[in-house]
Every structure is written in C-alpha cells, then in structure tokens.
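Asker: Please build the complete structure, drawing on both the sequences and the hints.
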Amino acid sequence: MKKTFLAVAFMLLLTVPSVILYANAQSSQSYTITAGGSTFVFPLMDTWRVQYNNLHSNIKLNYQSIGSGAGIKLLDQKTVDFAASDAPLQPSEQTAAAGTVTIPESIGGITISYNLPGIDKGMKLTGPVIAQIFMGSITMWNDPAIANLNPGMNLPSQKILTAHRSDGSGTTYAFTDYLSKVYPQWKTSVGQGKTVPWPVGTAAPGNAGVANIVKSTPYACGYVELAYAYQNNMSYAFVQNADGNAFVEPTIDSVAADAAAAATSLPAPDGDWSKVSIVNQPGSNSYPISTLTYVFVYKDLSQVSGETSDKAQEVINFLNWIVTDGQKYASTLLYVPLPDAMVKADQNAISEIRFGGSAVPEFGPIATAVLAIAIVSIIAVSAKTGLRLAPRL
Amino acid sequence: METVKLKGGSPIFDKIFKIGVTIAGTYVLAIIVLIVIQLTTNSYQIWAQEGVSFLTGSDWNAVEGSESYGAAPYIAGTFVTAGIAMLIGVPISIGIAMFLSELAPKFLRSVLSFVVELLAAVPSIIYGLWGMFVFRDYIRDWIETPLNSALGNNVILFSGTPFGLDIFTASVVLAIMIIPTIASISREIMIAVPSSQREAAFMLGATKWEVFKMAVIPYSKSGLIGASILGLGRAVGETMAITLLIGNATGQSAFPSSLFAPGQTLSSIIANEFPEAANGSLHMAALIGCGLILFVIAITINIVAQFLVSKVLKTHQGAVLA
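Sequence order for the protein chains is A and B.
Residue numbers for the first sequence follow my numbering, beginning at 1262 and rising by one.
Residue numbers for the second sequence follow my numbering, beginning at 1361 and rising by one.
If you are wondering where the hints come from, they were derived from the structure by calculation, not from laboratory data.
Cβ coordinates follow ideal geometry from the N, Cα and C atoms, glycine included.
One or more of the hints may lead you astray.
The list that follows gives simulated cross-link-like pairs (lysine to aspartate or glutamate, EDC-like), each with its CA atoms no further than 16 Å apart [to be verified]:
| # | chain 1 | residue 1 | chain 2 | residue 2 |
| --- | --- | --- | --- | --- |
| 1 | A | 1448 | B | 1427 |
| 2 | A | 1536 | B | 1424 |
| 3 | A | 1476 | B | 1497 |
| 4 | B | 1573 | B | 1462 |
| 5 | A | 1385 | A | 1510 |
| 6 | A | 1448 | B | 1424 |
Just so you have them, the derived chain B footprint on chain A, three or more residues with Cβ under 8 Å [to be verified]:
| # | region |
| --- | --- |
| 7 | 1353-1361 |
| 8 | 1454-1461 |
| 9 | 1572-1581 |
Answerer: Here you go:
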C-alpha cells in the first residue's frame, strides 16, 4: 500500500511541472516585442504600448525612437521584430532587408506655419508659391505672387525668413516630395529627400526646433507637423488642393481625405514602395501635403534573432491591433487615422507574415519534453509497482 | 613599532599581475586604433569618390542621384566657433581663476570654487536648450540687431539678417560652456604656485597685479596653456548645444562669412544627419568622413598642446602642469 502511494505521488510530481509549462506556453508567457525607428511616430507608438499592455498584460513593447535610418539598420541586423520609418524603403535598403512587408500605420499632415504680427491662420498659398519661398526666389511677404492670392490681406513689406529641419527627417521627405511634384524647378535644383541642399534659410533640429524658430521670430515661416502647429497655436496657411478649385485648411479630416484618395493605388505589401507618395491627391477637400509612416516586418519572422513561433504570433497580433483598434488613439494625438481601404490592405499584408513557413505548434518544446518524460515514468513506475493503471510492459 | 612582513613572492602571481596591468595599459591604445580603423574603413567610400575635394569642396547634397559632399564649410565652422569661444572664454576664465586664487576673501573662495566646479558639470544639452529658448532672444534683440543696423552695411562681419541662431550665438554659449572647465583647472594651477614666490615678490614691494605678473604667471604659464587647450578640446567636440544654436546651414551657405549667418560644425552635421542616413550609403560615408576629420583635428590639438607645454616646462623648471 505504501508502495502504491509513493508511486502515485511520484507520478503527480512529474505531471505538475509539465502542466505548468504547458499553461505558460499557451497564455501567460510574457513577451517583449522589440522595435525601433521613427521619432515622429513615437508618441503614438508609446500610447499603443500602454494601451496594448492594458489589454494584454503579458505583452510589452520596447520601442526605441532612434530615428528611421537607425531603425532600418536594426532591421537589417535582424535584431528587432519590426522597424518604423517616415519614408518607404529605398531600393538600396530593400536589398539590405530583403523579404519585408511594408505596413503603413499612421498618417501625418504638414502645415506651412508663419509668424506675421496681426495676421491669423488662413493665408492662401499655392504649391509653386511655397516652393519659390523656400527656394529664395520670393523674398518679401508683400510679393505680388502672395498678394494676388490674398486680396485684402495687409501683407507687410518685410523679408521672409524661412526655417527648415536640420536633421534628416520624414517630414522633410514628404514636404520636398510635395514641392517636387508641384514645381518642376524644385525637383531639378533641390530635389527630394530626408536631407536636401536648402538654398536659403535657418535650420533647427526636430519639429520643436522649427516651431520654436517660427514662433519666436517675426516674419518667419517654416513647415511643421500638424500636431506641433496645433499644440503651439501657430498660424498656418490654407494650401490650394490638387484640383485647383479650393484652398484647404490642414485638419485631420482634410489630410485623411487626401490619404483616402491615395489608398487604392498602393503597391503590394512586399512590393517596391520607394515611389509611394500620397501628396497632392484629387478631391476638393484634400489637403495636399501629407505623408504615410510605415512599419517594416520580415515576412518570415524566424530569421529575427531570438524569435520563437509563439512570440511571432504575438507580434502579428500586435500589428493587427495597431492598424485596427489602435487607430482610435491616433486622432487624440493629432495623427490622422488610417482610412478603411488602407486598414484592409494592412490586414492583408500582416496575414502574409509567417514563422519559418510552418504552422505554429500547440505546445512549447520544453513542456512537450517534460510531459513525455512524465508519461514514460508513469508507465515505468506503474509497471514496476504492479499498479493496474497501464498495461504491463 | 609595527613591521611589515613580506611573504615569499609568488612568481605566478607576479606574472598575472604584470599581464593584467599590461592589458589595462593596452586598452587605451587598442581603443584609439579601433576608432581609427572604424573611421577609415567606413569612410573609405567617400575618399574614393570625392578625394581631396571632400576636404576642400563645399557641396552637400544627399538627394539620391545627385549626391556630392564637401566638408570644408564645416571644418571652417568648427575652427571659427571654437576660436571665438576661446577669445571670449580664456580671458574671463583666467580672470576668475586669478580672483579665486589671489584676491577673493577666504569664505568666498570655497563657495565660488564649488560653484565653478558645479557649472563645469552641467550637461551641454541644458546650455543648448537655454540658449535656444531664452538666451537667443536677448542676444538677437540687444546685441545682434543694434550691431547689424549700425555697422551691417559696412562691416561684413555684422552683415546678414540677425536671427539669433547663428555662429555668434553658438560661439558665445560655447564660451560660457568652456569657462568653468578652464577656470577650475587654472585656479588649481595658480593655487599650486608656492607661496614663497608670492612672498618674495611682496617683499620687493610689488602690488597685487605685479605679484601676479612676476610670480604667478611665469610659474603657471604652461599649466594655463594646458587648461585653455582642454577648453579648446571641449569647444571643438561640442555637439548638442552647437546643433541647437548654430542655425545648421549646409553647403556653400554654411561657410562662416558673417557672425550673424547660420553655420555648421563637423560635430553638428553628424548629429543632425547621422540618424536618418541610409546604411552603407555615400551619405553615411561622408558623415563618418567628417568624424575622421574631427578625430584628426582633436589629435592635432592635443599634440600641439603637449608640444607647447613641454617647451614651456623646459624654460620654467618646476612649473606645475595640470
């Protein structure tokens, strides 16, 4: 009798850890999703981190806002689960990080903000006029090109001081993208990029830097992210839409209208996104200077160092959440939520993400091993003690 | 009386000790060698592409397809800002050190010395943000605008549009940043001058200024040069404050033509553009090339400093070196 009791106790002892491990592998195992890149998207990403952790307490996000370029470097080295960037992958970057899918995850609008004593928001500007201001060919606020667009506005006879970003930036990328599209001379003499050779103007790092210059310098103007312009109560221009029939105020709705018009013409998730641009889209209420920000993920997550199939599943769940439920946090932070067509495209892109191409196994490998040992032991012990729980060996 | 008993020396321990200490010594050299290797290999692309014109050229175009890089304006910007900062900073620093070591009453001495040390420990980003959000407006309205309207049309140094974010503001804040460093080292050097020297001068009926000129300065000259060079080292390498204040022009317009024009230094262009430069691109190589130039400048400054100090040391035996 004593022998039987011992045997049963031994069996129980062995099955307990396997059950615990199994349970862990299934749900309560905690994971840290690591990611890095764009500083522009950081406030939104940080909100997502907190909100997602409230829903799934076992998932932590470690997002390092080190700049898009540095984020892409981490992606190349396969040390992050995903990278975030303000600009799509350029051809050279696509070869370095082959096999990634591109997922647009938020939209930003860019304002032309100015500081003219006595003049509130709503100065009307067209793309070519903006380009000429930033090229230094329109130098005075009362230049006829500006005055003709704004009859009745008391424009001062003062020099325009332009301000731009000194650091490489997705905002600059989108702004110069717009100027290149609307004013061919900009394309040939300055060009498009995160860093461009500005012919005139003073530069400061970050949206905060440019916003500070404009706010504290009378007769200055600069391009500032929508959120910064709102938060700093800056005056900003209404910009002529692509159709040429209206001057549109930059708002979350008018930027969203522009993005929605571009949603249908996006490339395949694993295609070449380097030429993607959502600026200057048709529609009478489309604000023309806007940009997508992206997340890049390897289609086969098994190549990322330290990745397990369970963790890969959590990465996929998280990405699905940010493009759907997570979008509701965008507008509170003055980011523009994704239009429905883009959410569908994103979900489609996320569904292509795999772990080594195989189905995710049900059991954690350690749990499986322990359980196997337990079963073998049960059979062996019961055979030895003569307990009739298992067939005799 | 206590005696120290030497245990029989263990040859193995001795060997381990020797190897350990040698490794520690080699560490410094190894780091320098690794830095040089990294900087040269990673910037090789730009030297191959641009050659000497990377040093002399002033184009800076990172737009894919029309890339072209020249670091000359940033080299000039580095020297000009550091130079102006030294011009403003060194006399003030030596004045502070002189006051603290020779003239200040005892109770003030320790308090002020502590404050100077404290200022030397303020992170540069603090100076940068203060310069950008506070100091800049004053310097623009009180110094730059009056100078510009009075002399701007005649003197090229004061021409341009006073903006507050320019070479002048950056240099002044840089001077403010290096003053505590130079002052605290200079003070220690002056204190280290033997009081017999001062007493001898006083005996001859010298005034305070004459004591300083006759006894303190000759004795501490080399140390003061060393302290100033340390300040110069900080000024040349300073990054965050400069990036926030210098206006960050690129290309031809970054050449320091006027005090009131935006410029750029080697360290600020790296800080500005490195995070978003594409991995392995020519742009990245150009920025690492700027790092290599900065490294060479820093080494040169230190060699020159060593040379100057050792030369002065020879003529004034017994002088104190920082």
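Asker: Holds or violated: are the alpha carbons of residue 1536 (chain A) and residue 1424 (chain B) at most 16 Å from each other?
Answerer: Within the cut-off at roughly 13 Å; holds.
Asker: Apply the coverage criterion to the region 1353-1361 of chain A and chain B: a residue qualifies when its Cβ sits closer than 8 Å to a Cβ of the chain, and three qualifying residues are needed.
Answerer: It holds: at least three residues are needed, and the region 1353-1361 of chain A offers 3 whose Cβ sits within less than 8 Å of chain B.
Asker: Can the restraint linking residue 1448 (chain A) and residue 1424 (chain B) be considered satisfied, given a maximum Cα separation of 16 Å?
Answerer: holds (12 Å)
Asker: Going straight from one Cα to the other, do residue 1385 (chain A) and residue 1510 (chain A) come out at no more than 16 Å?
Answerer: Holds: residue 1385 (chain A) and residue 1510 (chain A) sit about 9 Å apart, inside 16 Å.
Asker: Take the region 1572-1581 of chain A, compare each residue's beta carbon with every beta carbon of chain B, and decide whether three or more fall closer than 8 Å.
Answerer: Answer violated; 0 residues pass the 8 Å Cβ test.
Asker: Given the hint that residue 1448 (chain A) pairs with residue 1427 (chain B), does the C-alpha gap stay at or below 16 Å?
Answerer: holds (14 Å)
Asker: Decide if the proposed pair is consistent with the structure: residue 1573 (chain B) and residue 1462 (chain B), CA atoms, cutoff 16 Å inclusive.
Answerer: holds (12 Å)
Asker: Please verify whether residue 1476 (chain A) and residue 1497 (chain B) have alpha carbons no more than 16 Å apart.
Answerer: Holds. Residue 1476 (chain A) to residue 1497 (chain B) sits at ~12 Å (cutoff 16 Å).
Asker: Examine the region 1454-1461 of chain A: at least three residues should have C-beta closer than 8 Å to a C-beta of chain B.
Answerer: Result for this restraint: holds, n = 8.
Hint 9 alone, counting from the list given before, is not met by this structure.
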